[in-house]
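Undergrad: The primary structure of each chain is shown beneath.
There are 2 protein chains.
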Amino acid sequence: MSTKHYEFSKRVKGINASPIRKFASHSEKAKKEGKTVIPLNIGQPDVVTPKEYLSAIAAIDSSVIAYTSSNGINEAIDAFRDYFKTLGMPFESEDILITTGGSEALTFAISTLCDDGDEILVFEPYYANYNTLAKISGAKIVAVTTVPENNFALPSYEVIKEKITDRTKAILVTNPNNPTGSVLDRSEIELIVKLALENDLFIIADEVYREFIYADKGYISFTEYPECLENLVVVDSVSKRFSGCGIRIGCVASKNDEFIAEVLKLCQSRLCAPYVEQIGTAAMFKVDHSYIDEAIKSYRDRRDLCIKLMQNIEGTVCQIPDGAFYFILGLPVEDAEDFTGWMLGEFDVDGETIMLCPAKDFYATPGKGLNEVRISYCIAEDRLIKAANILEKGLKEYRKVKGLE
Amino acid sequence: MSTKHYEFSKRVKGINASPIRKFASHSEKAKKEGKTVIPLNIGQPDVVTPKEYLSAIAAIDSSVIAYTSSNGINEAIDAFRDYFKTLGMPFESEDILITTGGSEALTFAISTLCDDGDEILVFEPYYANYNTLAKISGAKIVAVTTVPENNFALPSYEVIKEKITDRTKAILVTNPNNPTGSVLDRSEIELIVKLALENDLFIIADEVYREFIYADKGYISFTEYPECLENLVVVDSVSKRFSGCGIRIGCVASKNDEFIAEVLKLCQSRLCAPYVEQIGTAAMFKVDHSYIDEAIKSYRDRRDLCIKLMQNIEGTVCQIPDGAFYFILGLPVEDAEDFTGWMLGEFDVDGETIMLCPAKDFYATPGKGLNEVRISYCIAEDRLIKAANILEKGLKEYRKVKGLE
Numbered sequence: 001m002s003t004k005h006y007e008f009s010k011r012v013k014g015i016n017a018s019p020i021r022k023f024a025s026h027s028e029k030a031k032k033e034g035k036t037v038i039p040l041n042i043g044q045p046d047v048v049t050p051k052e053y054l055s056a057i058a059a060i061d062s063s064v065i066a067y068t069s070s071n072g073i074n075e076a077i078d079a080f081r082d083y084f085k086t087l088g089m090p091f092e093s094e095d096i097l098i099t100t101g102g103s104e105a106l107t108f109a110i111s112t113l114c115d116d117g118d119e120i121l122v123f124e125p126y127y128a129n130y131n132t133l134a135k136i137s138g139a140k141i142v143a144v145t146t147v148p149e150n151n152f153a154l155p156s157y158e159v160i161k162e163k164i165t166d167r168t169k170a171i172l173v174t175n176p177n178n179p180t181g182s183v184l185d186r187s188e189i190e191l192i193v194k195l196a197l198e199n200d201l202f203i204i205a206d207e208v209y210r211e212f213i214y215a216d217k218g219y220i221s222f223t224e225y226p227e228c229l230e231n232l233v234v235v236d237s238v239s240k241r242f243s244g245c246g247i248r249i250g251c252v253a254s255k256n257d258e259f260i261a262e263v264l265k266l267c268q269s270r271l272c273a274p275y276v277e278q279i280g281t282a283a284m285f286k287v288d289h290s291y292i293d294e295a296i297k298s299y300r301d302r303r304d305l306c307i308k309l310m311q312n313i314e315g316t317v318c319q320i321p322d323g324a325f326y327f328i329l330g331l332p333v334e335d336a337e338d339f340t341g342w343m344l345g346e347f348d349v350d351g352e353t354i355m356l357c358p359a360k361d362f363y364a365t366p367g368k369g370l371n372e373v374r375i376s377y378c379i380a381e382d383r384l385i386k387a388a389n390i391l392e393k394g395l396k397e398y399r400k401v402k403g404l405e
Numbered sequence: 001m002s003t004k005h006y007e008f009s010k011r012v013k014g015i016n017a018s019p020i021r022k023f024a025s026h027s028e029k030a031k032k033e034g035k036t037v038i039p040l041n042i043g044q045p046d047v048v049t050p051k052e053y054l055s056a057i058a059a060i061d062s063s064v065i066a067y068t069s070s071n072g073i074n075e076a077i078d079a080f081r082d083y084f085k086t087l088g089m090p091f092e093s094e095d096i097l098i099t100t101g102g103s104e105a106l107t108f109a110i111s112t113l114c115d116d117g118d119e120i121l122v123f124e125p126y127y128a129n130y131n132t133l134a135k136i137s138g139a140k141i142v143a144v145t146t147v148p149e150n151n152f153a154l155p156s157y158e159v160i161k162e163k164i165t166d167r168t169k170a171i172l173v174t175n176p177n178n179p180t181g182s183v184l185d186r187s188e189i190e191l192i193v194k195l196a197l198e199n200d201l202f203i204i205a206d207e208v209y210r211e212f213i214y215a216d217k218g219y220i221s222f223t224e225y226p227e228c229l230e231n232l233v234v235v236d237s238v239s240k241r242f243s244g245c246g247i248r249i250g251c252v253a254s255k256n257d258e259f260i261a262e263v264l265k266l267c268q269s270r271l272c273a274p275y276v277e278q279i280g281t282a283a284m285f286k287v288d289h290s291y292i293d294e295a296i297k298s299y300r301d302r303r304d305l306c307i308k309l310m311q312n313i314e315g316t317v318c319q320i321p322d323g324a325f326y327f328i329l330g331l332p333v334e335d336a337e338d339f340t341g342w343m344l345g346e347f348d349v350d351g352e353t354i355m356l357c358p359a360k361d362f363y364a365t366p367g368k369g370l371n372e373v374r375i376s377y378c379i380a381e382d383r384l385i386k387a388a389n390i391l392e393k394g395l396k397e398y399r400k401v402k403g404l405e
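As they're listed, the protein sequences go chains A and B. Residues 1 to 405 (this note's numbering) make up the first sequence, in order. Residues 1 to 405 (this note's numbering) make up the second sequence, in order.
If you're looking for bench data, these hints aren't it; they were derived computationally from the structure. Do not rely on the hints blindly, as some may be mistaken.
What the hints assert, rightly or not - Chain A residues, not near chain B, derived (Cβ > 12 angstroms throughout):
1) 26
2) 93
3) 149
4) 161
5) 185
6) 191
7) 338
8) 345
9) 389
10) 405
Stated by the list, open to error - Some but not every residue of chain A turned toward chain B, in silico, with C-beta under 7 angstroms:
11) 11
12) 63
13) 268
14) 271
15) 393
Beta carbons are placed, not taken as given, at the ideal position from N, Cα and C, and that holds for glycine.
Isolated chain A, as found in the complex (with noise of 0.2 angstroms):
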């Protein structure tokens, strides 16, 4: 072919490969070498997902599937009201519009909010696909750092306010959190209440694990302050309540109609979400409520576990994260991406090996996390049992091969 001149945006060129599927192609290799490969990296729960959804859409007898509004289907808004509703939030039909998934609604939340350059504080370690949904907004982020000797608990007003300049929009935060565990507790939300209103940012709170919740403390939502409904958007999906991550459908509720006026403008561009999902979700959230009580105590039962296997192992950090499914665990390497490749490519026992998920891309600061990845614990208790002595015998061999005793 002759040597083209085009080049593409700067923004899709500046997007770094997702570090939960950076090392999908290593993965593969030692599968097609014979080996099996123990998931620690990925949020992709192996809870069965409630027969109400695949049922529900299994009577549609519509002869034609047509447009939904862009707002979502009524059945779906009303689904997703009157569960917040039992949460004591108060949002009605109006203030609810269905999205694509949660990175949707993100995506929307985010592009309403800023144009290019603006910022978006979020604290770190974080979900990395932030930097990708901010990117696409020209957006950028800041992070404020979290450390694990405190749990991830979040620094002092001076700390955060320090961080908030005349580009920052929004706070996001998410809760329970995706990939420290951490749940904010009273002085962490009103915290972020007071810089909000202080600052006149929008906050941003991204709960799609709200349920996963083990520690007493339980969950509060911003909504307990009156003073700061103007400025808040609630990002929420069915993936992780309903181990439904292939469904696809979310929301972005907020009591400031301007707001969704706006994010309403997005949802007419891309026409609707799809409709038999919304169709699904609106019967899924009639399940039974013992199914996610259910399923609390699987994620509660596997976080005891993953957690003492991984002390157990010499040279590990970690504490007792307080929700979701995942925590941060240091290592006793100096790169945790050269480990995991690694382990992949190079170590087994008995023909089984484990993929991780280096942290350092959760960090915005340059040379944060370098020996810390993200365990998802989100699998049964006998592979998580592997996946530990795996990685214990791993750590001893990859110490021993690369002269770090």
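Based on the hints, put chain B in the right spot on chain A.
TA: Positioned in the frame of chain A, the structure of chain B alone reads:
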């Protein structure tokens, strides 16, 4: 509430409401007043979606609806590949990324090619949603005018060339065209290929109405010109082909592997396209070709009827469109938006009225299209006959009331 000082992004503030959905509230009001509103405004066909779609989904028995590959599931990718092959289009599986509708495919293509201020060349009148999809990336639509007198054929090389600047990244072509119904002939295809190659531009070929061509000239693919394959992006969707607008599955296809690698990053940012829709889509492509043949015949009959009816109305101007299911209709009014609102609010024939789509927003050049509407004829013939009768009577009454006679 207190006075807030936040402001929303200029990007989103700059987006206009969809012209196709602009009069939705007028229509709702008319319906509440007991009127029946016949929609001539929206491309929502009444043709039945292939049964294969829902039956394949009903057969899914996965216990967990998990994330799929960000590229799309193999079944869906291969279905598009095989379909393209039947048309002689040389796309392999690795050249195809499944998207959540054609709108996401367009957004991803534009975002990958354009930074803030970069330009996309289109031919006006054009699908108004391009304005929004471009604005999301900060890209600017630059319009080359086509005129009804020439049945919206492309202008000369020189006229198009004049609009190309050093910020132009792509020519976005809708073939068959929405809203004009025009279909590119060989000389027009070659003109675009020549301009793209001379100026290192991408061709974004939005061909979601590909099957719906009623003229002898037939469909010509840009892939017949191997010299432009590196510059070519085909955007596709199942919405119109299979009358499944609520399905939201489309794709981006390109032989430019660097381009595909960049778009894949955007695919990863939203994790995956919805799973069950992909399963249904793969099955739907297996529908017997008689399904498409019957749809084409039905649309051709409706076109012939609708054009005849409209041409018989005093003062209207339209030519026979070659494809899609739209055409531009000139009306003997000064302001088609005012007329559209008046028809919904003030007029009916035996309790029935019509909803039109004013064409002004399909033009970028101010002052163009003010007396035009886009007619969508994808509804049943008896409704078209009724609609034409209502339009004729409405025009007479409106011209009398407004003193236009």
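Undergrad: Was residue 149 of chain A rightly flagged as not at the interface, with every chain B Cβ beyond 12 angstroms?
TA: 32 angstroms, holds
Undergrad: Over 12 angstroms to the closest beta carbon of chain B is the bar; see if residue 93 of chain A clears it.
TA: The claim holds: residue 93 of chain A sits with its nearest Cβ about 15 angstroms from chain B, beyond 12 angstroms.
Undergrad: Taking the shortest Cβ-to-Cβ distance between residue 405 of chain A and chain B, state whether it exceeds 12 angstroms.
TA: Correct as stated: the minimum Cβ-Cβ distance to chain B is 37 angstroms, above 12 angstroms.
Undergrad: If I take the minimum Cβ distance from residue 191 of chain A to any residue of chain B, is it greater than 12 angstroms?
TA: 19 angstroms, holds
Undergrad: In terms of Cβ atoms, is chain B entirely out of 12 angstroms range of residue 26 of chain A?
TA: 16 angstroms, holds
Undergrad: Quick check for students: does the CB of residue 185 of chain A sit more than 12 angstroms from each CB in chain B?
TA: 26 angstroms, holds
Undergrad: Please verify that the nearest CB of chain B lies beyond 12 angstroms from residue 345 of chain A's CB.
TA: At about 22 angstroms from chain B, residue 345 of chain A clears the 12 angstroms cut-off, so the statement holds.
Undergrad: Let me know if the C-beta of residue 63 of chain A comes in closer than 7 angstroms to any C-beta of chain B, holds or violated.
TA: 5 angstroms, holds
Undergrad: Non-interface claim for residue 338 of chain A: all C-beta distances to chain B beyond 12 angstroms?
TA: 23 angstroms, holds
Undergrad: Taking C-beta pairs only, is residue 389 of chain A more than 12 angstroms away from all of chain B?
TA: Consistent with the label, residue 389 of chain A stays out of reach of chain B, its closest Cβ about 25 angstroms off (over 12 angstroms).
Undergrad: Does the closest beta carbon of chain B sit nearer than 7 angstroms to the beta carbon of residue 268 of chain A?
TA: 5 angstroms, holds
Undergrad: Should the interface hint for residue 271 of chain A be scored as holding, given a Cβ-Cβ cut-off of 7 angstroms against chain B?
TA: Result: holds, 6 angstroms to nearest chain B Cβ.
Hint compliance for this structure: hint 15 is the single one not met.
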